[in-house]
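A.B. asks: So you can see what is in the structure, the chains are spelled out below.
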Amino acid sequence: MREIDRVVYDAVEQFKNDHLEYPGLDAREDVVLFGEGGVLDSLGLVNLIVAVEEAIEADLGVVVTIADEHALEATENPFRTIEALTGYAARLVSEARGA
Amino acid sequence: MPDAPPVMLITGTRRGIGRLLAGHYATAGYRVFGCGRSALDESTGPAEHIVADVGQEADVARMFGEVKKRAGRLDVLICNAGVTSGNYLALTPGETIRRVLQTNFAGTFYVVRDGLKMMMRHRSGRIICISSAHVPLATPGTAVYGATKAAVEQMVRVVAREAGPSGVSINAVGLPALDGGGMAEELGEKRIEATMGQLPSKGHATIQELIHAIDFIISAPGISITGQVIHLGGA
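Residue numbers (this note's numbering), protein chains in the order written: chain A, -13 to 85; chain B, 94 to 328.
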């Protein structure tokens, strides 16, 4: 498992423990986060994104903004599944480290 | 509130209202962070001062990074930083609109957004935005300034709905001319006097009255006090 995968999955687990209103949120790559069949509402998604950003900064020492215009313009929704979110976060971390 | 002193960030603390608030809340037991576009004039100030221009998104991100690094959390955020503009619309250059919007609305937006994200992590927090009596009074000569404050008030009402589920409240306090606030000097004494004459209080508010309103918001046990605008002076 990549470093970023561990960070995101741990953040999802912690988020689920803190937000019992989202019982369907399991830390599995195929879990649909948002949209049709998603386990989160819009506010839940915002909170999860903030939690993941915080975890990335705390664990990897990299400051990233996951929910910016680039994410919204992306061809494939980076918030659709945990796999998509992890992949998008990995790209942002890579870009930030390379900057 | 946590065992450690509660953490407060006040924007615009180099002078005026911000500086008065920073002094009060530091004395009251808060760990107070402040910011301004330049360093403090004196070597010591009431707050842990961070040089940052709220109208610059990168500055705001760096400021919250500093607060996070030093204190690890944020309990109260007071968005006070702002610039004034007093001129009739027909005489107002476009550059004034951009400058005042950038600080008063965009700056407040950046600060609220990044502060809210810090508070969401702990599922609690209080955000207070400073507005102005010029919004309800529609004082001639404040089309730009008043519009930016009206925008802040609308943002407060919207964000209250978005932040509530995370245990964060957001409110605004609208000020008439505040003693020691500096607004009278910048907008012109005559215009301020005309404004005051329309208010039930007929006079300037005091810093103690502002602190009373802020304490009322901060001390609320829950978030039922949210999305509100409290206008001092009866505006």
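The set of hints was computed from the structure by calculation and includes no laboratory data. Bear in mind the structure is a predicted one, so any value in this text is a computation, not a measurement. Don't be surprised by glycine CBs; every beta carbon is placed ideally from N, CA and C. Please note that a few of the clues may not be correct.
Chain A residues, not near chain B, derived (Cβ > 12 Å throughout) [unchecked claim]:
#1 Tyr(-5)
#2 Asp(-4)
#3 Pro9
#4 Arg14
#5 Asp16
#6 Ala70
#7 Gly73
#8 Arg77
Derived coverage of chain B by chain A (criterion: at least 3 residues anywhere in the stretch with Cβ under 8 Å from a Cβ of chain A; other residues may be distant) [claimed, not checked]:
#9 106 to 113
#10 251 to 261
With a straight-line cut-off of 35 Å between C-alpha atoms, the simulated DSBU-like cross-links for lysine-lysine are [unchecked claim]:
#11 B:Lys161 x A:Lys2
#12 B:Lys162 x A:Lys2
#13 B:Lys283 x B:Lys295
A.B. asks: Honestly, which of those hints from before does the structure not fit?
C.D. replies: 9
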